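Visitor: Sequence:
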Amino acid sequence: MIVKRARVWRKFKSRQTNGSFNMAQKRVMVTGGSGLVGQAIRTVVEADAKPDESWIFLSSKDGDLSDAQQTEAIFEKYKPTHVIHLAAMVGGLFHNMAHNLDFLRVNLQINDNVLHNSYKFKVHKVVSCLSTCIFPDQTPYPIDETMVHNGPPHPSNFGYSHAKRLIDVQNHAYYQQYGCMFTSVVPCNVFGPHDNFRQGEAHVLPALLARIHKAATEGQPAVTVLGTGKPLRQFIYSLDLAKLMVWALWNYDSVEPIILSVDEKDEVSIGEVAHVLAKACGYQGRLEFDTSQADGQFKKTASNAKLRSLLPDFQFTPLEQAIKETAHWYSHNWMSARSSSAWK
1 MIVKRARVWR KFKSRQTNGS FNMAQKRVMV TGGSGLVGQA IRTVVEADAK
51 PDESWIFLSS KDGDLSDAQQ TEAIFEKYKP THVIHLAAMV GGLFHNMAHN
101 LDFLRVNLQI NDNVLHNSYK FKVHKVVSCL STCIFPDQTP YPIDETMVHN
151 GPPHPSNFGY SHAKRLIDVQ NHAYYQQYGC MFTSVVPCNV FGPHDNFRQG
201 EAHVLPALLA RIHKAATEGQ PAVTVLGTGK PLRQFIYSLD LAKLMVWALW
251 NYDSVEPIIL SVDEKDEVSI GEVAHVLAKA CGYQGRLEFD TSQADGQFKK
301 TASNAKLRSL LPDFQFTPLE QAIKETAHWY SHNWMSARSS SAWK
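Numbering (full-length UniProt numbering), first residue to last: 1 to 344.
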């Protein structure tokens with residue numbers, strides 16, 4: 001085992017020496033840079049700009065990462081030394097249920113192209129973003145980083161979940177064969193400014209926010225919440241996640257994934273979130289739960305013990321405050337946000 005690790009380390013050092021990587025000048029390329037987490041990372045790094053760091057935030061305008069040739073051209077153009085990989089085909093419960101094959105195929109292509117070119121262009125480190133939905137549907141709680149592959153994910157989003165799981169498999173394979181420091185983070189449910197608020201595509205919190213804001217603006221007497229409202233979730237504010245991802249890029253040096261989540265005690269029901277959203281939007285009408293609609297996975301409580309062992313003093317933004325800030329942003333940006341179908 002010691003000999004094997006030594007060989008891997010020599011490969012890793014050789015990749016640094018023979019490539020163009022220079023610790024004095026870091027070029028960080030963020031795939032999916034125009035989305036929810038990418039915009040939050042931009043906010044964080046611009047607030048604390050470092051002279052030895054340059055950041056490139058990619059959007060779909062830069063090219064299609066599911067296309068091998070376009071992805072290679074992007075890496076050739078920017079020659080990043082570090083990559084934060086956020087780009088993915090994503091959606092809420094009902095979008096996943098209807099398009100599991102699309103979520104599987106597109107995300108497999110994106111992930112393989114990004115990781116292969118990171119190896120090819122001698123990227124020093126890659127941090128990819130996974131999701132707690134990758135964990136087994138039937139599992140003891142809380143879930144932790146050792147349990148990713150212990151059983152099938154929930155059938156509602158098996159395509160997306162398996163594609164994301166394979167990033168972890170690829171990370172280990174690239175490390176074993178070439179010594180690449182490719183790792184991954186596993187956030188709980190993320191929300192914040194620049195989210196996708198489109199009905200039928202959005203995750204539960206932004207979808208509810210768009211509907212409640214519309215109801216408050218138009219004076220509607222009731223808002224329908226799909227499902228019973230009983231499922232439990234942990235929610236992390238996008239700006240908190242951005243700070244943790246930047247920390248992971250510079251400080252977390254392990255190929256093993258790490259969960260980035262609020263504490264277990266901060267888990268809340270969808271019904272509770274709906275009421276907090278109504279308060280943030282100043283909505284006085286009724287919340288009506290359509291129990292004929294699917295709830296999805298009842299809970300997926302994640303342990304952040306590993307994160308807490310490394311960053312014991314990190315302060316998460318309280319949920320009510322984070323929702324209030326997100327609702328405030330949305331109320332000023334809904335016309336340009338990804339939300340147009342919420343108003344049709």
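Hint data in this document are derived by calculation from the structure and do not stem from the laboratory.
Don't take every hint at face value.
[Stated by the list, open to error] In silico PhoX-like pairs for lysine-lysine, Cα to Cα no more than 20 Å straight-line:
1. Lys230 - Lys265
2. Lys61 - Lys79
3. Lys122 - Lys79
[Unchecked claim] If you anchor each label on the Cβ, the simulated ranges turn out as follows:
4. Glu53 - Glu288: 16 to 24 Å
5. Glu53 - Asp266: 28 to 36 Å
6. Gln69 - Gly285: 50 to 58 Å
No experiment lies behind these values; they were computed from the predicted model shown.
The C-beta atom is built at its ideal place from N, Cα and C for all residues, glycine as well.
Visitor: None of the hints should be skipped; say for each whether it holds.
Guide: Evaluated hints:
Of the pairs offered as hints, the one joining Lys230 and Lys265 holds, with about 16 Å between alpha carbons and a cut-off of 20 Å not exceeded. Of the supplied pair hints, the one linking Lys61 and Lys79 holds, its CA atoms being roughly 18 Å apart against a limit of 20 Å. Taking the CA atoms of Lys122 and Lys79, the gap is about 9 Å. The hint holds against a cut of 20 Å. About 49 Å separates the C-beta atoms of Glu53 and Glu288, a value inconsistent with the hinted range of 16 to 24 Å.
As the Cβ distance of Glu53 to Asp266 is approximately 31 Å, the hint placing it in 28 to 36 Å holds. Roughly 52 Å separates the CB atoms of Gln69 and Gly285, a value that falls within the hinted 50 to 58 Å.
When the structure is compared with the earlier hints, a violation turns up for hint 4 alone.
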